[in-house]
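2 protein chains.
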Amino acid sequence: MLNIENITERFEELIDDDNISQLTEELNGYHSADLAEILAALNDENRLTCFKLIDEEKAAEMLEYSTPQIQVELLGDVDEELASRIIQKMPHDSVADVLGDMEDDESEAYLNKLPDIVSEEIRELLAYKEDTAGGIMNSAMLTVHKDMTIREALEYLRVKAEKHNIELYYLYVTDKQEHLLGVVSLRKLLTASPNTLISDIMMRDIVKLHVDDPQDTVADIFMKYQYNALPVVDPYNRLKGMVTWDDAQDIIEEETTDEILTSSGFSTSLVDEDEILLGGTMKSVRARMPWLFITLIGEFFAVNVADMFQGTLTAMPIIAIFMPLLAGLGGNIGTQSITLIVRGLSTGQITLHSAVHQIWRELRVGLIIGILFGLMVSLATWKWQHNWELGLVVGAAMCINMAMATLIGAVTPVLLKKMKIDPAVASGPVIATTIDVIGLFIYFSLVTIFLVKIL
Amino acid sequence: MLNIENITERFEELIDDDNISQLTEELNGYHSADLAEILAALNDENRLTCFKLIDEEKAAEMLEYSTPQIQVELLGDVDEELASRIIQKMPHDSVADVLGDMEDDESEAYLNKLPDIVSEEIRELLAYKEDTAGGIMNSAMLTVHKDMTIREALEYLRVKAEKHNIELYYLYVTDKQEHLLGVVSLRKLLTASPNTLISDIMMRDIVKLHVDDPQDTVADIFMKYQYNALPVVDPYNRLKGMVTWDDAQDIIEEETTDEILTSSGFSTSLVDEDEILLGGTMKSVRARMPWLFITLIGEFFAVNVADMFQGTLTAMPIIAIFMPLLAGLGGNIGTQSITLIVRGLSTGQITLHSAVHQIWRELRVGLIIGILFGLMVSLATWKWQHNWELGLVVGAAMCINMAMATLIGAVTPVLLKKMKIDPAVASGPVIATTIDVIGLFIYFSLVTIFLVKIL
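Heads up: the protein sequence lines correspond to chains A and B, in order.
Take the first sequence: its position 446, counting from 1, is numbered 446 in our numbering, and each next residue is one higher.
Positions in the second sequence are counted from 1; adding 455 to them yields our numbering.
Looking at chain A on its own, in the form it has when it is part of the complex:
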């Protein structure tokens, strides 16, 4: 992997020395994915200077590896002629993504500069919602007719693919009304004899996406079937585009981020993941408030539980100091169980079918660790406070607490899944609070019964 720090230093030096020819040569020696990484690490001014020196073809490729922010920034800052030349070298779906992130009048200006046939296709792509198969797909692909021979198809492809910068994965077979009839893999195309008809080698049983499929469905289908590319059709089965695996990869990454953020209590339905990560402060506040507020209410229950036992606390104030210990470890081991089950359900390694087995396993884990930690805590407390009864109660509370936490942590996501609710939602913070409330109740009850003996 690259040492980005060294490279950016080197480039900054070359810019300061005004050694443009050397800089141009070195820049163009890098892979476009590397360039995207390097330019992201430069400041705005140096980034623009470097971008202008990259060959147009490479600049177009580089933009595809860059974040939307940088894409819009760079294309907005170079002169419009250069920007439209670069845009024309990018795949249509990427162009639609970039223009979709610009202000309307700005993107309109670019669209007007593009050849009609291209701008029309891009306008069509822009009409789909960003987070659906339609918004993700590329409309440039190769379609052939089922009555063509392999020889004809190869000839057609040779001319077409060269001219239009089309990504090649499969040939899609359509009729005159563009209905999707079948798919031919390049492998089949290359190994079949030249006189065979396309209709003889095409697969008719096709895994396909619909323009309105939301992006999590697209991600799930790619993860499951593992094709390089999938065709996208409209409600009348007319072929509209294809989604390629590199775009699917980006969505899968987004969906994973969504799952991770949701699990720790961000409301990704209110604010987009990207904006939670990189948007304004108030966006981030807004995404965090709902579950934190619910946690606040939950913790007031915990306060109430503690308040119920005020008599016990006044009679024996020492017991208060063990509250963070119990809550901390219960919360921790419970969160581990939630994380494990949510992730397992998400990757499919845990199914509702195997869930009961998993829940038992978590409970066993909680009991074993609970007994070990309970013993340690008992001994430590006894040694420290010279009170073996206190030690026993704190240790017992620790053990019950940990076992209860793993049980709640394992059961809750499974129940949510059974009720067809995303297990990542409502998990982390709320379960942790529930564990707090129940844990405190158990602890105070034990203390009250065995130590203070006022019940």
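In case anyone wonders, no lab produced these hints; they're calculated from the structure.
Note that the structure is a prediction, hence the values are computed from the model and not measured.
Warning: the hint list may mix true and false statements.
As the list claims (entries may be wrong) - Covered stretches of chain A, going by a simulated chain B footprint (3 or more residues, C-beta under 8 Å):
1. 32 to 42
2. 294 to 308
3. 317 to 326
To be verified - Computed cross-link-like contacts, DSS-like style, restricted to lysine-lysine with a CA-CA straight-line distance of at most 30 Å:
4. B/K643 <-> A/K52
5. B/K615 <-> A/K160
6. A/K417 <-> B/K738
7. A/K208 <-> B/K544
8. A/K224 <-> B/K738
9. A/K89 <-> B/K643
10. A/K188 <-> B/K601
11. A/K224 <-> B/K663
12. B/K507 <-> B/K544
13. B/K584 <-> A/K224
14. B/K643 <-> A/K146
15. A/K208 <-> B/K513
16. A/K188 <-> B/K631
17. B/K643 <-> A/K188
18. B/K679 <-> A/K129
19. B/K663 <-> A/K188
Unchecked claim - Partial selection, computed: residues in chain A whose CB lies under 7 Å from chain B:
20. Y225
21. Q226
22. T281
23. T314
24. P429
25. D436
Using N, Cα and C, we set each Cβ at its ideal position, and we do this for glycine too.
Take the given structure of chain A and dock chain B to it, following the hints.
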């Protein structure tokens, strides 16, 4: 998506009715990825019954979509003749994975049944460590000589790919000693004129993997460059195999699971992610103990802080009941900050360059939410306890606590990254404990200074 429950019920019915011909027909009507999902949901006995009825070609495909456990189970339970026929229809890297998961004598038995040329290749694959590029790659690929013409290459490919069930993504160009010289994309191959030489169209500047590259490097390179397949070379630049994107996809998923589990305090370096999820109880206990133990020690510091203020607690036992509220919300908002920064660093959306900006943003978020929640808590406490001084102190502690938690949560992963330590390690549990300790100290200090006035 499929309704797995309905389908499995249907199949169980057909098995009970002994309606084998209908069952066979329906089974073979599904896509192999669907079959993998359906069979995973059946019990062992029914799974085997169904598996035996699937066409061999489809059975081989289905196994590729199945978990290692199910692969080994099914191949072990059908008769050996059928098993070896199915194995011969699978790509070599998948066979190596399956055999690698079997007992040595069992896999030896299968290897002996395979044609020598195949078993030799698989033995070579088995010699690489499972979690390196060598252990992941497929050794069956198409290599051509640089002096071939396009026409010759296409002819060679037609014969070879058909016979050997080779996945087609790129042609690799090697010399007689199998040194990797270049790569030709299928697109280039199909669009170039037939008399061109391979050496004229091949890319010489190649992104490649080395047999010993660990799998997280493989995942990173695929995520960054987004190729469909990458060649794998040995230390002498001899071409040994290729890793395809679907295998990379599996690794990326594994690495993400690793990141998620590590973040919530599992030691993935001690126990493999798969075993943490699905292995024995003691494996799971072992993976959890180290960080829970460190949390235990950390929480004893929290206990000590509380103990330092025993005088305060005895003088005013009511203050103890707010401890879970403060610790719970501080821990929660802090975990949100950790999660956000760790994920951002992992996807590259946050760089060390932009980290300072992110840390400020988190602190602002913490202050804003802290002030809001502080006010709410102040008012609620005042109303409830009829003590405005107590309300003010609890509210102020809440505000400081939340701001401090976001700051610690944001700074720690960045510092770890700067020290070249995986930010996911040591994050969640330890930071939550640190926040507990500092939060308690702040709270008790405020109470002691402003309410009990004993300092």
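How the hints compare with the structure:
no. : hint              : verdict
1   : 32 to 42          : holds (count 4)
2   : 294 to 308        : holds (count 9)
3   : 317 to 326        : holds (count 8)
4   : B/K643 <-> A/K52  : holds, 28 Å
5   : B/K615 <-> A/K160 : holds, 27 Å
6   : A/K417 <-> B/K738 : holds, 26 Å
7   : A/K208 <-> B/K544 : holds, 26 Å
8   : A/K224 <-> B/K738 : holds, 28 Å
9   : A/K89 <-> B/K643  : holds, 17 Å
10  : A/K188 <-> B/K601 : holds, 24 Å
11  : A/K224 <-> B/K663 : holds, 27 Å
12  : B/K507 <-> B/K544 : holds, 15 Å
13  : B/K584 <-> A/K224 : holds, 26 Å
14  : B/K643 <-> A/K146 : holds, 24 Å
15  : A/K208 <-> B/K513 : holds, 20 Å
16  : A/K188 <-> B/K631 : holds, 28 Å
17  : B/K643 <-> A/K188 : holds, 17 Å
18  : B/K679 <-> A/K129 : holds, 26 Å
19  : B/K663 <-> A/K188 : holds, 27 Å
20  : Y225              : holds, 5 Å
21  : Q226              : holds, 4 Å
22  : T281              : holds, 5 Å
23  : T314              : holds, 5 Å
24  : P429              : holds, 5 Å
25  : D436              : holds, 5 Å
When each numbered hint is compared with the structure, no violation occurs for any of them.
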